[in-house]
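**Student:** This is what each chain is made of:
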Amino acid sequence: MRMLGVFQKSERVRHIGHLDIQRAVQRGLRRSGLPVAYSNGFNPHILVTFASALSTGACGRREIMDVKMAEEVSAEVFLNRMNLAMPPEMQLSEARAVDDRHPALMASLRAGMYEMILRDKDQAQKLISSIEPMMGREEIRVPRKTKSGIREVDMKPLIFSLRGEESTLFATLMLTERESCKPAMILDGLKKEAGIPEEEEIRTLIVRTQLLGEDLEGNLKPLETL
Amino acid sequence: MILSDRIESMLEKVQKAPRYTGGEMNTSIKAWDEAPLHFVFCFPDTYEVGMSHLGMKILTGLINEQEWSLCERCFMPWVDMIALMKENKVPLFSLESRRPLKDFDIVGFTLMYEMSYSNVLAMLDMGGIPVERRDRGEQDPIVVAGGGCASNPEPISDFIDAFMIGAGEEVMLEVNRVVLERKEKGWSREACLKKLAQLEGVYVPSLYDAEYNQDGTLKDFRPNCPEAPARVRKRFVDNLDKAFFPSKVAVPYTEVVFDRITLEIMRGCTRGCRFCQAGMLYRPVRERSLETLVRQAETLVDATGYEEISLSSLSSGDYSCLPELIRELMRRMKDRRVSISLPSLRIDSVLKESLEETQQVKKSSLTFAPEAGTQRLRDVINKGVTEEDLIEKARDAFQGGWSSIKLYFMDGLPTETTEDLDGIADLARKVVAEYFKVPKGDRAKGLRVTVSCSTFVPKPHTPFQWAAQDTIPVINEKQEHLREVLKIKGVTFNWHAPHLSYLEACFSRGDRRIGRVLKRAWERGCMLDGWNDQFKFDVWMAAFDDCGLDPAFYANRVRRKEELLPWDFLDCGITKEFLWREKEKSDRAEVTRDCRQGCNGCGIQRFAGLCAYADPKRRNAPSPSLLPYVPEGDEC
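The listed protein sequences derive, respectively, from chains A and B. So the first sequence is numbered by the working numbering: it starts at 1 and just counts up by one. So the second sequence is numbered by the working numbering: it starts at 1001 and just counts up by one.
So that you can see chain A by itself, here it is in the shape it has in the complex:
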């Protein structure tokens, strides 16, 4: 069986990179004493995967770990033992037992929901009022950093929704193994639209609030419920 655990990456530890988060979860699983499965081979490691890597600097409210268990345990036991074993900054809110044949989370992932909390009120106002004109464009070209360098992409088809309220932007953005839109790209696009000079810094707290997958009817649903 496998266990899906929904956990947070709090604001305090938002600068911890994905590899270190993975290791923290591995060590948490070891501390928990839960019967987790290990890989074979010379350096055995716990069979745990993550639905999606979260950027360094971003918080996550409902990130998902996917743990292969060596023995059956109840979701409740998993949740309780893990919460004793994880630091306050990375507590779990839910756990769900699934069959080994349950599709891999990474493959089912379609989108991520984000909140971008803007620290500067003036900037927030400018950016939020630029949402409509930007979304009204035929295409929204922004630079996207890839392994091979920076290339320009049209992010319009990657945006499922985008709105602003007070000092916060709310966005649902495509997030698949093949293609994704990063919150930073939204900020870049809005910045350009608002005519804010490129070198001006936009201080933002990025929070990923939910990971979404697609149900049989093609509707976006929280990934952990599919």
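What the hints contain is simulated information worked out from the structure, not anything from laboratory work. Fair warning: this is a prediction, and the values are worked out from it, not measured in the lab. Idealized CB from N, CA, C, for every residue including glycine. Be a bit skeptical, because a hint or two may be false.
Derived contacts from chain B toward chain A, CB cut-off under 8 Å, selection only [as the list claims (entries may be wrong)]: (1) L1011; (2) T1021; (3) G1023; (4) E1024; (5) V1251; (6) Y1253; (7) T1304.
Fit chain B to the supplied structure of chain A, relying on the hints for placement.
**Tutor:** Okay, now just chain B, sitting in the frame of chain A:
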């Protein structure tokens, strides 16, 4: 959290923000108002170095365990963070509650190596505390320090209010109680320091005066008030099984230097290597029992989730039931996928069996430390290891499937000649030959013999405390020679430029006056000296110039037997007479036996019941109490 928004904005810009954010497993501590005494444990180097330090884990755990005290952590920030802190006017803050250092009642530094002293000054200043103790007022925290370098506290004594000499876990809480009493009763700073001076193992520098001779040597050193004892005796932990053991140690998110469980299997060493300060200072040898160690290992694995346990001590091979310990740990840890590693292997330890066992779990490189290239020089330094020992162990290792061996040596040892340097190359060549003696099919691929050479630094409280360090040009020449003779296939040679060792030599045996150089160097921008890219040797030399002091006086001068040494007022267990006796034997290349083969009368035998190998006949006044103080001067 205090200062939070300004700190957040800096963290967004800085490299390696997790150095400053805390929140690691096992670090959640009580709220500020929950405990009356607030302690901040400062490690004068970066997070990665500090979080690898066992002493910090012990002391923060101990202080937090008391309901009347809390302990937060602080590390030396990296240069990028320092620049941002200056720009944003943010004082140096603790990781947990993000309060400036000046808000704490007591600020404690651990002094692991001399070249971290400039960081102590930088941290005090950034934390809002006057750098020099004489400038501190009633509102400022009490600044204390301990750790290995406190065995010669003088070079940094202008900046520290009180030193703890010896085992911190013994004296720490007593110091804290006095500081808490000060807070509750409103004692003056001076009254508090005088109280502290009365604790055994505490040295309060403001209560002592130093006088110097024309030639710069120390003329007189004595207390200036009745509260301060003429001699300060260090604190011992007599039973390691009963010593405080932190069960919940912090588990960093990011990789640190030693990212594993450190299990201290014993303290002290019976070998008596003459260059080794730790071997002299941490006498007598005290072992933790097998039962205690197995229990502690399990507790730590449960609490941390670490994948590796490293057995730590000065000479793990000497632990009396090492094979049993390793076997038992491996039996219990196998299913939990925890590997066991043995650092600081000594080549004359009976380890063949244990070696084979560690290999089952993880095969890393093996480290041997012959320290010197010839038998004569090894006798001078009393490194009781022979060439045959080394070759036999190398053979065992190669036959056992290892292909990587590290050999540690020192250059600049007293009496060293070219022949001794050539001996290093000979040894390396012989080790390589052992590898090729193993049939090709039976040996692991990829031979790697790494020869590392560090420059010898004479240390206080060792038989070489009177010795001169080689000058920089001489060391340069010797290293050049080594580079030539070590051009051997399969051998890599590592060395360091001698400049840092030269300064280390100045500060390890420095007196009170050298504190001025430290302050001047810091004012001129020196800090993070342990980091190659930050170390500014020229600036240090300029600081010596500014203060009218000659570094050669400290580093390259042979001391006379009668000279009053700046650390003579400390009783660290061993006597000056023993050290001089050892120095004379060293001059004659004469070895001293391992304490386990018979007591050598180092001075520890004065304390009844402390050393398992002490000869009771050598103790001149046994007393019913565990640690009677018997004045030295009986033996030699």
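**Student:** Quick one: which hint numbers does this structure break? Sort them smallest to largest.
**Tutor:** Structure breaks no hint.
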